[in-house]
Amino acid sequence: MKQLSTKVTGNGHGQDSSYFLGWEEYEKNPYDEIKNPNGMIQMGLAENQLCFDLIESWLARNPDAASLKRNGQSIFRELALFQDYHGMPEFKKAMAEFMEEIRGNRVTFDPKKIVLAAGSTSANETLMFCLAEPGDAFLLPTPYYPGFDRDLKWRTGAEIVPIHCSSSNGFQITEAALQQAYQQAHKLDLKVKGVLVTNPSNPLGTALTRRELNLLVDFITSKNIHLISDEIYSGTMFGFEQFISVMDVLKDKKLENTEVSKRVHVVYSLSKDLGLPGFRVGAIYSNDEMIVSAATKMSSFGLVSSQTQYLLSALLSDKKFTSQYLEENQKRLKSRQKRLVSGLESAGITCLRSNAGLFCWVDMRHLLDTNTFEAELDLWKKIVYNVKLNISPGSSCHCTEPGWFRVCFANMSEGTLDLALKRLKTFVESTDCGRMISRSSHERLKSLRKKTVSNWVFRVSWSDRVPDER
Amino acid sequence: MKQLSTKVTSNAHGQDSSYFLGWEEYEKNPYDEIKNPNGIIQMGLAENQLCFDLIETWLAKNPDAAGLKKDGQSIFKELALFQDYHGLPEFKKALAEFMEEIRGNRVTFDPRKIVLAAGSTSANETLMFCLAEPGDAFLLPTPYYPGFDRDLKWRTGAEIVPIHCSSSNGFQITESALQQAYQQAQKLDLNVKGILVTNPSNPLGTMLTRRELNLLVDFITSKNIHLISDEIYSGTVFGFEQFVSVMDVLKDKKLEDSEVSKRVHVVYSLSKDLGLPGFRVGAIYSNDEMVVSAATKMSSFGLVSSQTQYLLSALLSDKKFTGTYLNENKKRLKIRQRQLVSGLEAAGVTCLKSNAGLFCWVDMRHLLDTNTFEAELELWKKIVYEVKLNISPGSSCHCTEPGWFRVCFANMSEETLDLAMKRLKEYVESTDSNRLISKSSHERMKSLRKRTVSNWVFRVSWTDRVPDER
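Residue numbers (UniProt numbering), protein chains in the order written: chain E, 1 to 470; chain S, 1 to 470.
To be clear, the hints were calculated from the coordinates, so they are not data collected in a lab. Do not rely on the hints blindly, as some may be mistaken.
Unchecked claim - If you want a taste of the chain E side facing chain S, the calculated C-beta under 8 Å gives, among others:
1. E47
2. R70
3. I75
4. Q83
5. E125
6. C130
7. L131
8. P277
9. G278
10. F279
11. M290
12. V292
13. S300
14. S305
15. L311
16. A375
The beta-carbon is built from N, C-alpha and C at its ideal position, and this holds for glycine as well.
Sequences and hints are given; from them, build the entire structure.
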């Protein structure tokens with residue numbers, strides 16, 4: 001008799017993916033400026049390490065928060081006993097206000113509609129348990145975060161059907177792609193329960209345009225399905241534009257308090273914006289009472305430590321801190337992204353024009369031997385083992401076009417980033433493609449700039465904003 | 001089309017159970033010595049509030065642990081980024097040693113076989129996902145913790161089949177009850193994957209005897225199934241006897257490193273022994289590599305906050321503290337249990353002789369109008385609404401005999417416990433049953449003592465220990 005469940009014996013955990021394998025390789029030979037200067041540089045981890053100093057100074061000024069005290073008095077006992085799955089009220093209030101602040105206070109979040117979870121990993125899985133069962137599917141635009149295969153499908157039994165997006169329009173979601181995915185699900189005998197998008201996108205680093213958001217809301221309205229908007233990168237938006245949340249769109253379309261609004265759910269986390277993945281803080285926001293109720297009970301399986309809720313409610317309640325943090329975070333991300341982009345350009349490499357996130361979606365199609373995923377994997381292995389950079393191949397993100405890679409920029413020092421780019425440049429120049437580049441670098445750069453402009457023009461033509469605002 | 005999953009729309013979350021409803025009533029009218037002296041006294045919450053002073057003293061002497069510092073230096077960044085699902089090595093080591101200490105260092109726990117989880121709620125569910133699927137069942141001795149209906153079945157789709165235990169032998173597990181449960185599962189067309197026991201037992205407050213443990217190990221060996229031993233109350237043993245873990249039995253039967261040992265898993269948590277339910281610290285211990293590997297990946301859905309792992313690894317690494325704590329915890333629990341038992345006796349109420357846990361299993365069968373669960377619920381309502389004590393009715397624990405209640409003693413002050421006993425005594429004296437008692441109280445006490453001795457004799461006849469050692 002089968003002694004272990006198929007969840008154990010299968011590979012539904014998704015960890016055979018190269019995304020995780022590259023991580024393992026890094027662990028064996030990690031770069032260290034002093035101890036291991038020839039080691040692998042980790043560019044596959046979407047961490048935000050740029051603003052810890054801001055939080056550390058706040059902690060130094062507010063020692064009670066971490067020391068389990070309030071006004072100098074120990075509240076250890078109160079926290080030790082606090083296991084209410086409704087979450088700490090002060091914390092949910094502070095979270096709601098932080099989420100509002102990120103959205104320019106244009107929309108409101110009711111703390112009573114927030115369900116806390118142990119990270120967005122837990123939040124996404126819980127939402128899936130609430131909305132889908134075996135035989136059901138969610139549509140996800142590609143490329144998407146590799147972890148979703150585990151988070152959304154593994155223990156829930158739900159399926160993911162991809163909405164194919166292509167570089168021809170900057171990987172934006174189109175109506176045709178949505179319809180095609182919906183029909184594909186039917187062919188596979190799956191019931192479509194909803195669409196899940198990450199906005200800003202991982203791995204693209206771009207925010208969904210208003211056009212795409214409207215399209216999505218219209219689509220779920222007509223199909224009577226759900227929309228989950230994973231907005232965990234909402235505080236990493238550094239472009240000229242404001243972040244447009246699906247909540248903005250509901251408001252602008254006057255759909256607040258309608259049936260549709262009950263099928264729109266937002267997922268949030270403090271792992272990316274605040275750089276606190278270790279503290280395990282995630283949240284589900286839903287207008288559907290039944291979902292809030294069920295998800296709250298399910299959160300028993302992944303509550304946030306009361307010690308952590310207390311610390312962060314103090315941090316986020318400090319509005320002086322939050323506004324300063326959000327502004328500084330934006331600035332630093334922007335300058336770090338620019339550094340990566342120029343470094344790549346000098347190696348003859350472009351990336352998708354991005355305005356958010358902790359990574360760039362890099363175009364290395366011209367470095368492939370053939371336009372195939374095998375070639376992509378070969379290139380990836382060279383970059384991991386020879387160039388010693390752990391970056392994430394597009395195939396691990398279910399991208400339909402070979403040659404794209406996600407490269408993180410916010411999890412290392414400037415010096416390390418420069419070194420990584422130097423190594424990459426050296427590699428490119430040493431290969432065949434590189435020889436072509438150095439020979440006709442001027443022409444190449446010209447055509448690269450043209451390609452950049454083309455991407456730009458494509459994206460703008462799909463959005464309702466004038467180029468200057470981007 | 002069904003928009004929400006059946007997990008949301010059904011009541012498999014188990015929260016219609018009276019266990020949770022009594023909790024809700026308490027929330028509406030909670031006792032407070034000063035602000036609400038006539039409120040409901042919470043005796044339905046198995047919390048350990050007796051030793052917070054010991055931990056608070058330790059925290060005051062070791063400010064770095066909560067202050068996110070190591071040797072006076074901030075390690076905030078390191079903790080903020082630490083999300084490795086293998087857990088903080090120092091913490092797992094400290095946890096393994098703590099578990100060994102609780103078992104008198106007779107058995108060893110390998111930190112690499114520990115999987116951390118957000119509380120035993122998460123640990124139990126994760127273990128179930130690893131071992132069972134829809135169509136599978138685990139056998140559980142009754143009465144059992146009401147939360148298991150949610151934790152083991154809700155999202156996993158697994159089933160629970162009860163192993164009926166009765167007061168005739170002090171609710172011990174018998175071979176025939178095991179066989180009967182096994183056959184019942186077959187009749188229900190369920191695949192028995194294993195047995196889950198809580199040792200020490202919730203709600204009984206008793207430890208499994210060596211006889212029962214041997215019986216269980218033999219049974220799972222012959223049926224080729226798993227045994228999960230939820231030992232979250234192992235540090236609350238206050239009787240004369242030592243706690244005998246299933247790990248002790250495997251060692252004594254020379255079954256360590258055998259096939260069987262791979263099917264024995266232990267669940268632990270710091271919520272009961274250390275009184276820290278708010279910090280969400282649970283663990284799975286398994287000798288099966290595949291289970292450890294899969295459970296580790298699944299722990300992504302409920303990781304322990306790094307902030308909390310760090311604090312507790314410092315606490316538990318302090319052997320002076322742990323030695324003092326375990327000793328003092330025992331003493332205080334013993335005194336408090338005695339206070340409850342004598343208070344109950346003064347009201348003419350006996351309970352199952354217990355030697356562990358944070359509660360007593362109280363016999364109120366003589367207070368029932370009829371020997372039915374309806375009568376039990378009637379009595380329970382009176383106790384909640386009139387006597388204003390929230391206690392847990394045996395039916396919510398799936399007890400097969402009406403009239404038993406779980407009453408907690410470690411979550412309130414001595415004075416509050418006295419008040420609760422006073423209220424109960426008044427209630428009993430004022431009812432019909434009581435008219436009989438006050439009339440023939442001498443005879444009644446004699447027959448009660450006889451019943452107590454009978455229970456005692458029954459339990460002893462089933463164990464291999466002489467009465468004096470219990």
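Hints, verified against the model:
1. At a threshold of 8 Å, the smallest CB-CB gap from E:E47 to chain S is about 6 Å, leaving the interface hint in force.
2. For E:R70, the shortest C-beta to C-beta distance to chain S is roughly 13 Å, which exceeds 8 Å, and the interface hint is violated.
3. Restraint check, E:I75 versus chain S: the minimum CB separation of about 10 Å is more than 8 Å; hint violated.
4. A least Cβ separation of about 4 Å between E:Q83 and chain S falls short of the 8 Å threshold, and the interface hint therefore holds.
5. The criterion of a C-beta within 8 Å of any C-beta in chain S is met by E:E125, whose closest approach is roughly 5 Å, and the hint holds.
6. At about 5 Å, the closest approach between the beta carbon of E:C130 and any beta carbon in chain S falls short of 8 Å, and the interface hint on this residue holds.
7. A hinted interface residue such as E:L131 counts as satisfied when its beta carbon comes closer than 8 Å to some beta carbon of chain S; here the least separation is about 6 Å, so the hint holds.
8. Below 8 Å, beta-carbon pairs count as interface contacts, and E:P277 has one with chain S at about 4 Å; its hint therefore holds.
9. Annotation: E:G278 was flagged as interfacial toward chain S, and the flag holds, the nearest CB pair being 3 Å apart, inside 8 Å.
10. Contact between E:F279 and chain S, as hinted, is supported at the beta carbon level, the nearest pair being about 5 Å apart and thus within 8 Å.
11. Below 8 Å, beta-carbon pairs count as interface contacts, and E:M290 has one with chain S at about 6 Å; its hint therefore holds.
12. Checking E:V292 against chain S by beta carbon gives a least distance of about 10 Å; that is not within 8 Å, so the hint is violated.
13. Hint status for E:S300 relative to chain S: holds, with the closest Cβ pair at about 5 Å, below 8 Å.
14. Using the Cβ-Cβ criterion of 8 Å, the hint placing E:S305 at the interface with chain S is satisfied: the shortest such distance is roughly 4 Å.
15. For the restraint placing E:L311 at the interface with chain S, the shortest Cβ-Cβ distance is roughly 7 Å, inside the 8 Å limit, so the hint holds.
16. With 8 Å as the threshold, the beta carbon of E:A375 stays out of range of chain S, its nearest partner Cβ sitting at about 30 Å, so the hint is violated.
The structure fails hints 2, 3, 12, 16 (numbered hints given earlier, in ascending order).
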